[in-house]
Amino acid sequence: MIDVLIVGGGGAGLRAAIAVAEQDPACKVAVVSKVYPMRSHTVSAEGGAAAVIDIGDTLDEHCYDTISGGDWLCDQDAVEAFVAEAPRELIQLEHWGCPWSREGDGRVAVRPFGGMKRERTWYAADKTGFHLLHTLFQTTLKYQDIIRYDEWYVTKLVVDDGRVHGVVAVEIRTGRIETIPARTVILATGGCGRVFPFTTNAAIKTGDGMALAYREGAPLKDMEFVQYHPTGLPFTGILITEAARAEGGWLINKDGYRYLQDYDLGTPTPTPKLRSMELGPRDRLSQAFVHEQHKGRTADTPYGPVVYLDLRHLGESKIDSRIPFVRELCRSYQNLDPATDLIPVRPVVHYMMGGVHTDIDGATPIAGLYAAGETACVSINGANRLGSNSLPEILVFGRRAALAAAEFARAHRDGEPRAVRTQGEDERRLLEREREGRRTGERVADLRERMQHTLEGAAGIYRTGDVLAKAVDTLADLRARAEEVRFDDTGVAFNTELLNLLELRTMLEVAQTIVACALNRQESRGAHQRTDFTARDDDSFLAHSLVHRAPDGTPSVGLLPVTITRWPPGERVYGR
Amino acid sequence: MNAETDTTEEAGARTIRMEVMRFRPGEDTEPVFQGYDVPLMADWAVLDGLNHIKDQLDGSLSYRWSCRMGVCGSCGMTVNGEPRLTCGTFLTEYGQGPVRIEPLKGFPVIKDLVVDIDDFLAKLSSVRPWLIREGEELPLTTEYAQTPAQLEAYKQYSMCINCTLCYSACPVYVLDPDFLGPAAIALAQRYNLDSRDMGDRFDVLNLDDAVWGCTFVGECTRVCPKHVDPAEAIQRYKLTAALRSVLPWSRR
Numbered sequence: 001m002i003d004v005l006i007v008g009g010g011g012a013g014l015r016a017a018i019a020v021a022e023q024d025p026a027c028k029v030a031v032v033s034k035v036y037p038m039r040s041h042t043v044s045a046e047g048g049a050a051a052v053i054d055i056g057d058t059l060d061e062h063c064y065d066t067i068s069g070g071d072w073l074c075d076q077d078a079v080e081a082f083v084a085e086a087p088r089e090l091i092q093l094e095h096w097g098c099p100w101s102r103e104g105d106g107r108v109a110v111r112p113f114g115g116m117k118r119e120r121t122w123y124a125a126d127k128t129g130f131h132l133l134h135t136l137f138q139t140t141l142k143y144q145d146i147i148r149y150d151e152w153y154v155t156k157l158v159v160d161d162g163r164v165h166g167v168v169a170v171e172i173r174t175g176r177i178e179t180i181p182a183r184t185v186i187l188a189t190g191g192c193g194r195v196f197p198f199t200t201n202a203a204i205k206t207g208d209g210m211a212l213a214y215r216e217g218a219p220l221k222d223m224e225f226v227q228y229h230p231t232g233l234p235f236t237g238i239l240i241t242e243a244a245r246a247e248g249g250w251l252i253n254k255d256g257y258r259y260l261q262d263y264d265l266g267t268p269t270p271t272p273k274l275r276s277m278e279l280g281p282r283d284r285l286s287q288a289f290v291h292e293q294h295k296g297r298t299a300d301t302p303y304g305p306v307v308y309l310d311l312r313h314l315g316e317s318k319i320d321s322r323i324p325f326v327r328e329l330c331r332s333y334q335n336l337d338p339a340t341d342l343i344p345v346r347p348v349v350h351y352m353m354g355g356v357h358t359d360i361d362g363a364t365p366i367a368g369l370y371a372a373g374e375t376a377c378v379s380i381n382g383a384n385r386l387g388s389n390s391l392p393e394i395l396v397f398g399r400r401a402a403l404a405a406a407e408f409a410r411a412h413r414d415g416e417p418r419a420v421r422t423q424g425e426d427e428r429r430l431l432e433r434e435r436e437g438r439r440t441g442e443r444v445a446d447l448r449e450r451m452q453h454t455l456e457g458a459a460g461i462y463r464t465g466d467v468l469a470k471a472v473d474t475l476a477d478l479r480a481r482a483e484e485v486r487f488d489d490t491g492v493a494f495n496t497e498l499l500n501l502l503e504l505r506t507m508l509e510v511a512q513t514i515v516a517c518a519l520n521r522q523e524s525r526g527a528h529q530r531t532d533f534t535a536r537d538d539d540s541f542l543a544h545s546l547v548h549r550a551p552d553g554t555p556s557v558g559l560l561p562v563t564i565t566r567w568p569p570g571e572r573v574y575g576r
Numbered sequence: 001m002n003a004e005t006d007t008t009e010e011a012g013a014r015t016i017r018m019e020v021m022r023f024r025p026g027e028d029t030e031p032v033f034q035g036y037d038v039p040l041m042a043d044w045a046v047l048d049g050l051n052h053i054k055d056q057l058d059g060s061l062s063y064r065w066s067c068r069m070g071v072c073g074s075c076g077m078t079v080n081g082e083p084r085l086t087c088g089t090f091l092t093e094y095g096q097g098p099v100r101i102e103p104l105k106g107f108p109v110i111k112d113l114v115v116d117i118d119d120f121l122a123k124l125s126s127v128r129p130w131l132i133r134e135g136e137e138l139p140l141t142t143e144y145a146q147t148p149a150q151l152e153a154y155k156q157y158s159m160c161i162n163c164t165l166c167y168s169a170c171p172v173y174v175l176d177p178d179f180l181g182p183a184a185i186a187l188a189q190r191y192n193l194d195s196r197d198m199g200d201r202f203d204v205l206n207l208d209d210a211v212w213g214c215t216f217v218g219e220c221t222r223v224c225p226k227h228v229d230p231a232e233a234i235q236r237y238k239l240t241a242a243l244r245s246v247l248p249w250s251r252r
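Sequences listed follow chains U and W, in order. Counting with UniProt numbering, you get residues 1 to 576 for the letters of the first sequence. Counting with UniProt numbering, you get residues 1 to 252 for the letters of the second sequence.
None of these hints come from the bench; they were simulated from the model. This structure is a prediction, so every number in the text was calculated from the model and none was measured. We treat Cβ as the ideally placed atom computed from N, Cα and C, and that holds for glycine. Where hints are given, some of them may not hold.
[As the list claims (entries may be wrong)] Chain U is faced by these chain W residues, among others (derived, beta-carbon under 10 Å):
1) E27
2) A45
3) C72
4) S74
5) V114
6) S125
7) L151
[Unchecked claim] Calculated pairs, DSBU-like style, for lysine-lysine (alpha carbon to alpha carbon, straight line, at most 30 Å):
8) U/K142 - W/K226
9) U/K117 - U/K318
10) U/K142 - W/K155
11) U/K295 - U/K254
12) U/K142 - W/K238
13) U/K318 - W/K226
14) W/K155 - W/K105
15) U/K318 - W/K155
Let the sequences and hints guide you as you build the complete structure.
Here it is as structure tokens:
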């Protein structure tokens, strides 16, 4: 039997796999991923990874930036552990060969980043996630005992009597449905950006791990906190990294005016100033865009209103050495050259602060079930994640979850319960029936589009109670309709239509939790802004949202206290 | 699906015909082309055309894609005879059409446009694509120093996204599946040339089916969407291997 079964082969999953393999070769570890691990969405991360390394910087300052950036919704014990372990994780990646960018003397280089008071963001040009993922993947190849299930899709967790016992999964290539018994399971499937129509997230980011846990009774946490990144390319939603602003890029409106100065983010300076203007936090920058739009100061394009990112003054050589991928992406996908042209950008759904509720070791309330990375909510990101905190997060908590899971597996050597077989059989029958398909009904893509536009309308940068309430009904209706969709592919081999249907149902569950949590939180905090409750309300809502799946399948929202250690709630101050 | 079939969009906007190779294992004896008319939009990549087919016209079409920004390496296919990333290849390149989409050549087809790349992954593993160190390690409080010039020495080869276009284009690999191939050799060199690495991978590279199998046609480098230049990696290692045969203690 597998001791530690990891669902997801991105940064968190692979870091976890290596941690188990290194620590205890007798511990049997497997990675189940719906894509080959090096295709995972970690690959798209661009700007960098934060960890205190320079003399003059301190762990406390990284903590403070993270906690104030998160509008005091972070659990401070988790932030302290995260900040303390991040440097060793990034050095570990260096020891495994990650091509970090360097200073002239050979030391690792750092750059500024949004919401950070010090320069502490390590980078590999502007393909940091790509290099981090490939370094991890290639390092896993050293450990031949790591079992890989490449292109397998997990459809269900086997949970019996409050404890996880494995998963049911489909081998995509053949359509074979198998139950994989395991003593522990770590969910590391990443985020759920695809519930929105306009997102930086890859096609695979459908919230699978969140829904798997939620369906078995594990609560999700803080699902209303969806991060809009301020600079996405219109139409494609491709991310233009915050590093472009860290290297000196300006955000200007259609009149060429650096509009962030109108939103309490500081005064413009020719070179970047930390925690100010273009280096403010993402929630505040995306919100400023909406105000510019309302003032009529954005430009119109066929793909909606835009502002501009101006990199022209940086010059070709700085662009090529520090942010070459930005230039490559602009040339290939937007047909412009940032060395000479303005880049049209608009806010784009980028990251889910919420996720599966875990403790500081990644443990969920279901025994033996863990979660790490964007799938999880530990929580270090609170109401708004700071750029360059997510890469160290997947490393620190991937490893922590792995060590905790391995220990649980060693302490629970009992055999598999009967439930493994019966639940596996039930799930297999369900999936086989599903695959027979229907020739009538709506298409998966049509329902998906309706869901995405519902979410954008109700749970975008600004939210309102009555629109959210309507979205609750719309999503319930879509969920019912998703049981009766039309199906063209009744084959077993590489049936991506079946996968898309399963992903749609997954996303609908996640979407319901986002809307339910957003409706329940009658205040404005970080990335959650209510036009009908415009102020932060610490008396009622200095608390996490905790959402369970009720027996009738609807989300049921409660609150959970935030852990405060050393930083009492205060005002978020940027640029002054 | 034994005869060529047509699925046509309603009249209106300009369209382009996509001829897509279809193959269902266990049912079709050989692949057939199926034609679809999709809107010819200025911003649409070939992948957007495929997604339009999948979402609106024919849900049974299978292909891989994910990031649609040229970095995950999933969506390589043969477009009008050339191996391309379909997310970065635009429909307007093909004017009036038709544009013909086939799976990457040189690999077994699983279904439609999806090919089996396990052989590539086995080859990648075989070159030990990880940092090889000997002796005592630095503690996790200190990084190994590496100057920008030392980084530059291998950086290009570290840009490989494992899309396997280079294998598809390689005339040697298509004829001899045992050939180690461009990306795996480039990634071996990525580590060989890394100042922190202490291995040289001579045993797996200095073989007839490895660097010496390459006939230096250079197609791999021409088709690489990330400008990695595997052809150069291979030629450089030939020199290294030749030197090492003469001077067995030399490393690179």
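Hint check results:
The interface hint given for W/E27 is met, as the beta carbon of that residue sits about 7 Å from the closest beta carbon of chain U, less than 10 Å. About 8 Å separates the beta-carbon of W/A45 from the nearest beta-carbon of chain U, less than 10 Å, and the hint is met. Contact between W/C72 and chain U, as hinted, is supported at the beta carbon level, the nearest pair being about 5 Å apart and thus within 10 Å. At about 5 Å, the closest approach between the beta carbon of W/S74 and any beta carbon in chain U falls short of 10 Å, and the interface hint on this residue holds.
The criterion of a C-beta within 10 Å of any C-beta in chain U is met by W/V114, whose closest approach is roughly 5 Å, and the hint holds. Hint on W/S125 holds. Least Cβ distance to chain U is approximately 5 Å, under the 10 Å limit. Given hint, W/L151 at the interface with chain U, holds; its Cβ is 6 Å from that chain's nearest Cβ, closer than 10 Å. Restraint check: the Cα-Cα separation between U/K142 and W/K226 comes to about 25 Å, which is no more than 30 Å; the hinted pair holds.
For the suggested pair U/K117 and U/K318, the alpha carbons sit about 23 Å apart, so the restraint of at most 30 Å is met. For a cut-off of 30 Å, the pair hint linking U/K142 to W/K155 stands: about 21 Å separates their Cα positions. The hinted pair formed by U/K295 and U/K254 meets the criterion: a straight-line CA distance of about 11 Å does not exceed 30 Å. The straight-line distance between the Cα atoms of U/K142 and W/K238 is roughly 25 Å, inside the 30 Å bound, and the hint therefore holds.
Taking the CA atoms of U/K318 and W/K226, the gap is near 20 Å; set against the 30 Å cutoff, the hint holds. Pair hint W/K155 plus W/K105 holds up; C-alpha atoms about 28 Å apart against a cutoff of 30 Å. Of the pairs offered as hints, the one joining U/K318 and W/K155 holds, with about 17 Å between alpha carbons and a cut-off of 30 Å not exceeded.
Consistency note: the structure conflicts with none of the earlier hints.
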